[in-house]
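Please arrange chains B and C on chain A, whose structure you already have, making use of the hints.
Protein chains in written order, with the working numbering: chain A, 1 to 214; chain B, 1 to 246; chain C, 1 to 241.
No wet-lab data here; the hints were simulated from the structure. Heads up, a few of these hints could be off.
[What the hints assert, rightly or not] Estimated spans, in silico, between C-beta atoms of each pair:
#: 1; chain 1: C; residue 1: Val217; chain 2: B; residue 2: Gly200; range: 55 to 61 Å
#: 2; chain 1: C; residue 1: Trp223; chain 2: A; residue 2: Ala8; range: 55 to 61 Å
#: 3; chain 1: A; residue 1: Ala8; chain 2: B; residue 2: Asp134; range: 58 to 64 Å
#: 4; chain 1: B; residue 1: Gly200; chain 2: C; residue 2: Ser138; range: 37 to 43 Å
#: 5; chain 1: B; residue 1: Gly200; chain 2: C; residue 2: Tyr229; range: 37 to 43 Å
#: 6; chain 1: B; residue 1: Tyr136; chain 2: A; residue 2: Met176; range: 52 to 58 Å
#: 7; chain 1: A; residue 1: Glu210; chain 2: B; residue 2: Gly12; range: 42 to 48 Å
#: 8; chain 1: B; residue 1: Asp134; chain 2: A; residue 2: Leu21; range: 37 to 43 Å
#: 9; chain 1: A; residue 1: Gln22; chain 2: B; residue 2: Ala130; range: 50 to 56 Å
#: 10; chain 1: C; residue 1: Thr143; chain 2: A; residue 2: Ala8; range: 56 to 62 Å
#: 11; chain 1: B; residue 1: Pro93; chain 2: A; residue 2: Met176; range: 37 to 43 Å
#: 12; chain 1: C; residue 1: Tyr229; chain 2: B; residue 2: Lys109; range: 46 to 52 Å
#: 13; chain 1: B; residue 1: Glu9; chain 2: A; residue 2: Ser108; range: 39 to 45 Å
#: 14; chain 1: C; residue 1: Ser138; chain 2: B; residue 2: Leu239; range: 35 to 41 Å
[Stated by the list, open to error] With a Cα cut of at most 30 Å, we get these calculated DSSO-like pairs of lysine-lysine:
#: 15; chain 1: B; residue 1: Lys135; chain 2: B; residue 2: Lys109
#: 16; chain 1: C; residue 1: Lys134; chain 2: A; residue 2: Lys211
#: 17; chain 1: A; residue 1: Lys211; chain 2: B; residue 2: Lys135
#: 18; chain 1: B; residue 1: Lys17; chain 2: B; residue 2: Lys241
#: 19; chain 1: B; residue 1: Lys135; chain 2: B; residue 2: Lys118
#: 20; chain 1: B; residue 1: Lys135; chain 2: B; residue 2: Lys159
In this text the structure is predicted, and so the values were computed from the model without any measurement. Cβ coordinates follow ideal geometry from the N, Cα and C atoms, glycine included.
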Amino acid sequence: MDWKVVAANYPLLLKGLLTSLQLTFVAIAFSLPLGCLIAIGRLSHRTWLSRACTAFVNVLRSNPLILILFWFYFLIPLITGQSVNDLTSIIIAFVVFFSVYFAEIVRSGIQSVGNRQIQAGLSTGLTYAQTMRFIVLPQAIRAMMPALITQCIVVFQGTTVVYVIGYSELLHTTSMIAERTVRPVEMYLAVAAIYFVVCYSASLLARRFEKGRA
Amino acid sequence: MPDPIVRVEDVGLRFDKFTALDGVSLSVETGQCIVICGPSGSGKSTLLRCINGLERFQAGEVFVDGVRVRDNTDLPKLRRGIGMVFQHFELYPHMTVLENITLAPIRAKGVPRAQAEKLARDYLERVGIADQADKYPGRLSGGQQQRAAIARALALEPKVMLFDEPTSALDPEMIAEVLYVMRDLARGGMTMLVVTHEMGFAREVADEVIFMDRGRVVERSGVKEFFTAPRADRTKEFLNKILVKF
Amino acid sequence: MQYEFDWGMLLRSPYFGWIVEGVLTTFHLALLSWVLALTLGIVIGIFRVTNSRALRVIGTAYVELFRNIPLIVQLFLWLYVAPQLLPTETRLWWNRLDYVPYWTAVIGISFYTASRVAEQIRSAILAIPPGQFKAALSTGLTTTQTYRFVIVPYALRIILPALTSEFLTIFKNTALALTIGVVEITATTRKIEAWSFRGIEAYTVASLTYAATTILVVVFMSWLERRYYIPGLIRREREAA
Chain A
1 MDWKVVAANY PLLLKGLLTS LQLTFVAIAF SLPLGCLIAI GRLSHRTWLS RACTAFVNVL
61 RSNPLILILF WFYFLIPLIT GQSVNDLTSI IIAFVVFFSV YFAEIVRSGI QSVGNRQIQA
121 GLSTGLTYAQ TMRFIVLPQA IRAMMPALIT QCIVVFQGTT VVYVIGYSEL LHTTSMIAER
181 TVRPVEMYLA VAAIYFVVCY SASLLARRFE KGRA
Chain B
1 MPDPIVRVED VGLRFDKFTA LDGVSLSVET GQCIVICGPS GSGKSTLLRC INGLERFQAG
61 EVFVDGVRVR DNTDLPKLRR GIGMVFQHFE LYPHMTVLEN ITLAPIRAKG VPRAQAEKLA
121 RDYLERVGIA DQADKYPGRL SGGQQQRAAI ARALALEPKV MLFDEPTSAL DPEMIAEVLY
181 VMRDLARGGM TMLVVTHEMG FAREVADEVI FMDRGRVVER SGVKEFFTAP RADRTKEFLN
241 KILVKF
Chain C
1 MQYEFDWGML LRSPYFGWIV EGVLTTFHLA LLSWVLALTL GIVIGIFRVT NSRALRVIGT
61 AYVELFRNIP LIVQLFLWLY VAPQLLPTET RLWWNRLDYV PYWTAVIGIS FYTASRVAEQ
121 IRSAILAIPP GQFKAALSTG LTTTQTYRFV IVPYALRIIL PALTSEFLTI FKNTALALTI
181 GVVEITATTR KIEAWSFRGI EAYTVASLTY AATTILVVVF MSWLERRYYI PGLIRREREA
241 A
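Okay, chain A solo, but in the shape it has when bound (with noise of 0.2 Å):
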């Protein structure tokens, strides 16, 4: 083995990382607010509305992410009727996609701090909104921490799919170099490192918060 190969494009190696996070950042940006706001539809007690978001969830979750990807890939062009360039696709995908998994988490959280404690709020003359910003809420996230960020771990994770459309992020850029340089043992190592620091540094992250609360 060469590891020479590995410092000579530690460069590029860096430029793809960034790129991965920066994927990983704008995807969670959007999808975990619109993640919230499918979770409150889901938990409304307009029976429409909350219809409408469990069926979005369970259509979305029953789907690989790389078919969502190719979904998008195709469908935007053709709906806006003019190409768009590949990272608009790739970041609606990834929106559309992970904003099920954060709803899923925002809900279990609001629910997990149950009906009593809003009962609580009330009975002291709080508003509905008072009690869920100073009980409901504080409660919840704390509650939700732990799951929120594996999931973030997972969207970073999730970001290697965009290797299949060609788009220049760690992974892609990896395998570029290992064919360039006819070292893929070298390179595929080097990289399966970069992604195993980064997800255990941010799952210790997770688990502290997990003993926090205990």
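For chains B and C alone, coordinates are given in the frame of chain A:
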């Protein structure tokens, strides 16, 4: 004679097929302490929740201090005048005891923080746990938690207090400390509506006892009469079942 | 949006044959990987709760390693890196095999999923109240009988919902096998789209395959759960509310 502070008239409430309340009427005068008992599922807790608008009823009327409770009532305002104590305390686990108590006075009544905190400490003193003010509820014993919850309700300076089985989630050695606080309140002239199976408390403190079964008020009578000469057969049966334990 | 639908094309040659092939590949890839993942996952999961410190370390290392590297990267490692570590003889034998990408996908997906299954097994074992074991032994049952009649039936009921969702995850994850050249249903429909530019029709087939399987599995599992449902166990919270 002044208007009763709480007046419930012919209230009915159904969940799907189950009738929770079936034409319940009662009234509570200022300063009275009334105990409600009855088998589980008889509608006692539901009745309490109808009084402060936590539960919507389909028939009848409820008035609290002259205000009619219905969909378009200003419920937060109504509830600021009613203290409620729950079976499982329902303290907010992410706030200290002091924050638990001051939240509603500050946010719902607009009391300045310093004043709310002073008030909170006064009430904690009154329920005997002034030294626990800055702890989180999880660090307190069950009895202390329930006393903190009583202080939280009292801090609203309510006209009436509702107690929903306040001792049934407590270990036996902690029941006494909570009942002591409640007894003290009743003697101080607080208007109280208490759902409980603590017949000793009823006998000693209550002005009247109401017996409910299957969503109906079966019997309402003075304490002495209730325990010595219950009128309805179902009351006798119930008393036999629960008093035989003691 | 200008698009003329032609759903009939899905039934025409060569597309229909491809679709059948793709659906079958997805299914046997998922099932084969699932059997392996379940077996390995149970072993690793038990490792993580044994009294032996060495086994616990091995179990933990396995889980952390396999769940913190993206599945596609793992597939690439199995395809490009792992064969290089084999002795020459074995490597030549492996490379001569038919369907190397397929077997690589089976290995990659099952090793990855085993780490997730192991975590579910571990938390199910930890969820069994320790008193149950003592209670069973105190009535004169042997250790084996205790496992057979008390612990395993209890643990199974706890773990069934989690394993259902893991199965659905492995089923969706088979789509990633297309990155190493396995032509399962997603790859098939991608190919149909490329040939015919009928993306909507093609991807609908793939989406329906996943959705229909999910519905079937969920319906079957909830029937199973209801059948073996014990009042007071698992759904306790909902009843208390």
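The hints, checked one at a time:
1. C/Val217 / B/Gly200: 55 to 61 Å: Holds, at about 57 Å.
2. C/Trp223 / A/Ala8: 55 to 61 Å: holds, 58 Å
3. A/Ala8 / B/Asp134: 58 to 64 Å: holds, 59 Å
4. B/Gly200 / C/Ser138: 37 to 43 Å: holds, 38 Å
5. B/Gly200 / C/Tyr229: 37 to 43 Å: holds, 41 Å
6. B/Tyr136 / A/Met176: 52 to 58 Å: Holds: the Cβ-Cβ distance is about 54 Å, inside 52 to 58 Å.
7. A/Glu210 / B/Gly12: 42 to 48 Å: With Cβ atoms ~47 Å apart, the hint holds.
8. B/Asp134 / A/Leu21: 37 to 43 Å: holds, 41 Å
9. A/Gln22 / B/Ala130: 50 to 56 Å: holds, 54 Å
10. C/Thr143 / A/Ala8: 56 to 62 Å: Holds - the Cβ-Cβ distance for threonine 143 of chain C and alanine 8 of chain A, about 59 Å, lies within 56 to 62 Å.
11. B/Pro93 / A/Met176: 37 to 43 Å: violated, 52 Å
12. C/Tyr229 / B/Lys109: 46 to 52 Å: For tyrosine 229 of chain C and lysine 109 of chain B the Cβ distance comes to about 47 Å; the hint holds.
13. B/Glu9 / A/Ser108: 39 to 45 Å: Because 41 Å falls inside the window, the suggested range holds.
14. C/Ser138 / B/Leu239: 35 to 41 Å: With a Cβ separation near 40 Å, serine 138 of chain C and leucine 239 of chain B satisfy 35 to 41 Å, so the hint holds.
15. B/Lys135 / B/Lys109: holds, 24 Å
16. C/Lys134 / A/Lys211: With Cα atoms ~29 Å apart, lysine 134 of chain C and lysine 211 of chain A stay inside 30 Å; holds.
17. A/Lys211 / B/Lys135: holds, 20 Å
18. B/Lys17 / B/Lys241: holds, 28 Å
19. B/Lys135 / B/Lys118: holds, 16 Å
20. B/Lys135 / B/Lys159: Given that 30 Å is the threshold and the Cα spacing comes to 28 Å, the pair holds.
Hint check: a violation occurs at hint 11 only; the rest are consistent with the structure.
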